[in-house]
Amino acid sequence: MNEIVQFENVGLRYGAGVETLSDLSFTLYPGSFYFLTGASGAGKTSLLKLLYLAQRPSRGLIRLFGEDAVTMSRERLPGFRRRIGVVFQDFRLVPHLSAFDNIALPLRVSGVKEKDLTTPVAEMLDWVGLGDRAEARPATLSGGEQQRVAIARAVIGRPEILVADEPTGNVDPEMAVRLLQLFEALNTLGTTIVVATHDIHLLSKVPGAQMMKLEKGGLSDPTGSLRNPPLPRDRA
Amino acid sequence: MLSLFVIPGHDRRLIPEGRLSGPMPWVIAIMIFLMVLATATGLAFAEAGRNVSDQLSSRATVQIIQANPDIKAQQANDAAARLRGMALIEEVRVLPSEEIEELIAPWLGQTAEMQNNSEADSLLDDIPLPALIDLKLIRPAGKKELEQLRAAIKPLAEGARVEPSSGLIAPVISLVQSLQWIAFGLVALLAMATAAAVIISARAALNTHKETIGVIHLLGGTDRQISRLFQRRIALDALLGGLLGLICGTAIILLLGMQLSALGSGLVQSLGLSWYSWLIIGAVPILGMTLAMVTARMTVMGALRKIL
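The listed protein sequences derive, respectively, from chains R and H.
Numbering follows the numbering used here, with no gaps: position 143 of the first sequence is 253.
Numbering follows the numbering used here, with no gaps: position 177 of the second sequence is 504.
Simulated from the structure, these hints should not be mistaken for laboratory data.
The C-beta atom is built at its ideal place from N, Cα and C for all residues, glycine as well.
Keep in mind that the hints are not guaranteed to be accurate.
As the list claims (entries may be wrong) - Anything over 10 Å on all C-beta distances counts as not near chain H; from chain R, calculated:
id: 1; residue: G127
id: 2; residue: S135
id: 3; residue: L163
id: 4; residue: Q165
id: 5; residue: E185
id: 6; residue: Q199
id: 7; residue: S220
id: 8; residue: W237
id: 9; residue: G239
id: 10; residue: E245
id: 11; residue: T250
id: 12; residue: S252
id: 13; residue: Q291
id: 14; residue: Q320
id: 15; residue: K323
id: 16; residue: E325
Stated by the list, open to error - One-sided excerpt, in silico: chain H residues whose CB lies under 10 Å from chain R:
id: 17; residue: D453
id: 18; residue: I454
id: 19; residue: T539
id: 20; residue: L545
id: 21; residue: R632
Using the sequences and the accompanying hints, generate a full structural model.
Pasting the structure below:
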């Protein structure tokens, strides 16, 4: 199987500080589902930033979709970013845009025509249970609703990789399960899913998912062979 | 450039726009107003200089200096006759002595009321005024033409002088040209000040919308897509401000034009604006808008290049 993401001895340092991430080596495969766990401050968000090309590593090699993402020119980054869906921990919704426009944003950035995006955005709004809040601005939405808009925005473009940073942090357990089901459905369609969470109970909800555990900026299994601990759904 | 104004509405909403809401359109309006005035001043001086220069470049004056009035008159008539026969000459006019006296009267402290005064008459009689012949040549009076004229007159009047009229007004033309370049220099300085204002405004707008820009970037938006939004916003601000500045500036120019016409004297009256000068003045807001847009684009692209 061809790898979709490959990290080799990757280190990340902010400014002149100590390394936030060090000697990360692992491989992610297309169509797989990964949980990234670790205590707060272990470096989960930093690792995700490298994955969604918001940051370049201080050292090491990152290959994304078979290409070197470390030395890739800035001009090529947008094209790669469009293949990656991101659910930010702080949602990062555009405050003056409606829920509809926020969700439509990745499609508009990609140049999808207006007539071709109305239906998928409306369907996505319905799917996350916000069909009646299409025109609502983020400030008028609850934390959970904002998170659902953020998730809808991340998946609307059918990305090849979906990176989610604590995507269920602000939703009730029922909605958390529904969101994971959405991720699973996308995964079934071939999207590689990487979900960062400190909620170990989530791990049991997705059978077949693999786990990466970060400890103090490094993988707990330094060989990079990912463990597969989630229990089958019926035992969760 | 047109594509700037046809950005789809949903894209335009990415960066909130408010017409005439910030200081930018007003700053640009003031800058364009001053630029219009400075441009009009520069163009008016340029045209005045050109008009005067054109009028005088083919003119020359022959001065016949002779103490004996009878010989002087004879020499003047002979010279005029010789000059009329030359192919180089279009028009010859011997100035009557009354006209010469009138010309020098202001320098002698004469007033109209005093001109019949016997004291004034005797003063003029005591001054050995030269005979003057005004010439209009068929082409500008250059060195070669002046030599031809001198050669033709010398055998008839030994002490005659031939002076190009343009030489008499050269210091004035030089001053007019200096004023013209000062005005154009002011336009350049104002353009630089406008660019500086746009840079500050673009940076402030970038800072205000930093979060939104970050999100668009991470969703795959290109620098060009983002900079277009700012370019459009600043172009519209500049267009609105520019039109306002143009209207106010034009009103002032027309008002000053009417007042200058009323003065009705020499060089001042030649301070007019031709149709092509008006075209240039009309283009000032468009140039201002283009300058603002290019500056905004360079500022935004430069700032975006600093982030991944």
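Against the structure, the hints:
The Cβ of R/G127 lies farther than 10 Å from every Cβ of chain H, with a closest approach of about 18 Å, so its non-interface assignment holds. The Cβ of R/S135 sits about 23 Å from the closest Cβ of chain H, beyond the 10 Å cut-off, so the non-interface label holds. The Cβ of R/L163 does not lie farther than 10 Å from every Cβ of chain H; its closest approach is about 7 Å, which violates its non-interface assignment. Against the 10 Å criterion, R/Q165 falls within the reach of chain H, whose nearest CB is about 7 Å from its own CB.
Not every C-beta of chain H lies more than 10 Å from that of R/E185, the closest at about 8 Å, which undercuts listing it as non-interface. Distance to chain H confirms R/Q199 as a non-interface residue, since its nearest Cβ pair spans about 13 Å, more than 10 Å. The claim that R/S220 lies off the interface is violated: its Cβ sits roughly 6 Å from the closest Cβ of chain H, which falls inside the 10 Å cut-off. Separation of R/W237 from chain H is adequate, the least Cβ-Cβ distance of about 19 Å exceeding the 10 Å criterion.
Listed as a non-interface residue, R/G239 keeps its Cβ farther than 10 Å from every Cβ of chain H; the least gap is roughly 23 Å. Non-interface call for R/E245 relative to chain H: holds, since the shortest CB-CB distance, roughly 13 Å, exceeds 10 Å. At the 10 Å boundary, the C-beta of R/T250 stays outside the reach of chain H, the nearest C-beta of that chain being 17 Å off. For R/S252, the non-interface assignment is confirmed: its Cβ lies about 20 Å from the closest Cβ of chain H, beyond the 10 Å cut-off.
The Cβ of R/Q291 lies farther than 10 Å from every Cβ of chain H, with a closest approach of about 24 Å, so its non-interface assignment holds. With a closest Cβ-Cβ approach of about 25 Å to chain H, R/Q320 is found to remain outside the 10 Å limit, as its non-interface label requires. Separation of R/K323 from chain H is adequate, the least Cβ-Cβ distance of about 26 Å exceeding the 10 Å criterion. Listed as outside the interface, R/E325 is consistent with that label: its C-beta sits roughly 27 Å from the nearest C-beta of chain H, beyond the 10 Å cut-off.
Interface hint status for H/D453: violated, as the beta-carbon distance to the closest one in chain R is roughly 89 Å, over 10 Å. Taken as an interface hint, H/I454 does not check out: its beta carbon lies about 84 Å from the nearest beta carbon of chain R, beyond 10 Å. Of the supplied interface hints, the one on H/T539 holds, with its beta-carbon coming within about 5 Å of a beta-carbon of chain R, less than 10 Å. Here the hint on H/L545 is kept, as its CB sits about 6 Å from the closest CB of chain R, short of 10 Å.
Taking 10 Å as the C-beta cut-off, the interface hint given for H/R632 holds, the closest approach to chain R being about 7 Å.
In this structure, the earlier hints numbered 3, 4, 5, 7, 17 and 18 are contradicted, and the remaining ones agree with it.
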